[in-house]
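Protein chains: 2
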Amino acid sequence: MNRIAQPTEGERVIIIDGVAMSRDNCPVRDVLDHIGGKWNSLMILALANGPMRFSQLRRFIPDISQRMLTQTLRDLQRDGYLIRTVYPTQPPSVEYALTELGQSLLVPLRVLVQWSQDNHPAIRRARSAFDGKGRD
Amino acid sequence: MNRIAQPTEGERVIIIDGVAMSRDNCPVRDVLDHIGGKWNSLMILALANGPMRFSQLRRFIPDISQRMLTQTLRDLQRDGYLIRTVYPTQPPSVEYALTELGQSLLVPLRVLVQWSQDNHPAIRRARSAFDGKGRD
DNA sequence: AGGCCAAGGTCTCAATATGAGACCATGAAA
DNA sequence: TTTCATGGTCTCATATTGAGACCTTGGCCT
Numbered sequence: 001m002n003r004i005a006q007p008t009e010g011e012r013v014i015i016i017d018g019v020a021m022s023r024d025n026c027p028v029r030d031v032l033d034h035i036g037g038k039w040n041s042l043m044i045l046a047l048a049n050g051p052m053r054f055s056q057l058r059r060f061i062p063d064i065s066q067r068m069l070t071q072t073l074r075d076l077q078r079d080g081y082l083i084r085t086v087y088p089t090q091p092p093s094v095e096y097a098l099t100e101l102g103q104s105l106l107v108p109l110r111v112l113v114q115w116s117q118d119n120h121p122a123i124r125r126a127r128s129a130f131d132g133k134g135r136d
Numbered sequence: 001m002n003r004i005a006q007p008t009e010g011e012r013v014i015i016i017d018g019v020a021m022s023r024d025n026c027p028v029r030d031v032l033d034h035i036g037g038k039w040n041s042l043m044i045l046a047l048a049n050g051p052m053r054f055s056q057l058r059r060f061i062p063d064i065s066q067r068m069l070t071q072t073l074r075d076l077q078r079d080g081y082l083i084r085t086v087y088p089t090q091p092p093s094v095e096y097a098l099t100e101l102g103q104s105l106l107v108p109l110r111v112l113v114q115w116s117q118d119n120h121p122a123i124r125r126a127r128s129a130f131d132g133k134g135r136d
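Chains as they are written, first to last, in full-length UniProt numbering: chain W, 1 to 136; chain P, 1 to 136.
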């Protein structure tokens with residue numbers, strides 16, 4: 001479960017559960033850094049039950065700015081999580097849909113969602129306990 | 001799998017897989033926003049196989065700044081994922097260890113890690129395909 | 001004795017990321 | 001004729017993060 005390898009003299013790269021803790025050459029950090037973005041995983045979940053258009057997503061996630069919506073969609077498209085289809089209507093409408101890769105990411109995301117629901121009360125308790133300790 | 005409820009006249013809160021897309025009153029977004037931070041989930045994974053001290057973590061995750069290390073640890077402690085123990089040595093040493101809550105978060109995180117490993121090649125392919133499309 | 005190092009931080013300042021909001025072209029609806 | 005919706009981009013203000021100096025105490029080396 002924990003391995004240590006030394007690529008060059010004196011340097012050690014520590015790997016836990018397949019996660020190299022140094023940024024370079026670590027698949028997991030590469031993926032995590034992207035889907036860990038502020039809006040990315042939420043966007044995947046938003047598209048979970050069918051394609052959506054730009055403005056639709058905007059209304060769907062009310063607190064995302066148009067700027068970040070564009071950028072998040074581009075990032076996810078670049079990584080192959082979704083496809084962008086432009087329909088030549090007037091004005092053109094654009095549809096975003098999950099790819100198979102995107103769909104498959106739903107599985108681990110749902111595990112996380114489930115965990116969050118189950119443990120949210122505990123987290124809230126911890127938080128108020130911590131914040132309460134400030135006073136005396 | 002998809003429900004719509006209206007808390008106040010005209011307002012609609014859309015819920016997918018238990019994730020309300022509006023920020024407020026959504027347990028999942030509350031949790032996700034925190035563990036989705038840049039260093040948070042990585043830190044949990046770093047502590048997966050035993051407690052560690054501050055400087056140890058710093059060496060472990062070479063590209064985190066001391067500032068963010070402190071802050072990330074505080075956040076995780078606040079949410080109850082880890083405990084901070086100060087040993088009254090000279091100079092004092094501080095140990096960070098996962099709580100039960102933190103340990104339990106390892107389960108969904110590992111699912112995500114597994115997925116990342118499995119799908120990293122596909123993502124890299126998608127990325128270079130996308131970037132290649134820029135030229136002509 | 002003087003200098004350096006490590007412990008676990010905090011403080012300041014620069015770089016980067018995000019948010020708020022104006023703007024754009026088009027065509028349909030009012 | 002003004003207005004709206006489409007899917008964006010552009011600019012500017014505000015967060016968030018990174019880089020690096022600084023701090024205190026004691027041990028080690030010379």
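These aren't lab readings, by the way, just hints derived from the structure by calculation. The C-beta atom is built at its ideal place from N, Cα and C for all residues, glycine as well. One should not assume that every hint holds.
As the list claims (entries may be wrong) - If the Cβ cut is set under 7 Å, some of the chain W residues that face chain P in the computed set are:
1) Ile44
2) Ala48
3) Gly50
4) Leu57
5) Ile61
6) Arg84
7) Val111
Do the hints match the structure? See the list:
no.: 1; hint: Ile44; verdict: 10 Å, violated
no.: 2; hint: Ala48; verdict: 5 Å, holds
no.: 3; hint: Gly50; verdict: 9 Å, violated
no.: 4; hint: Leu57; verdict: 9 Å, violated
no.: 5; hint: Ile61; verdict: 5 Å, holds
no.: 6; hint: Arg84; verdict: 11 Å, violated
no.: 7; hint: Val111; verdict: 5 Å, holds
In terms of the numbered hints stated before, the structure departs from hints 1, 3, 4, 6, listed from lowest to highest.
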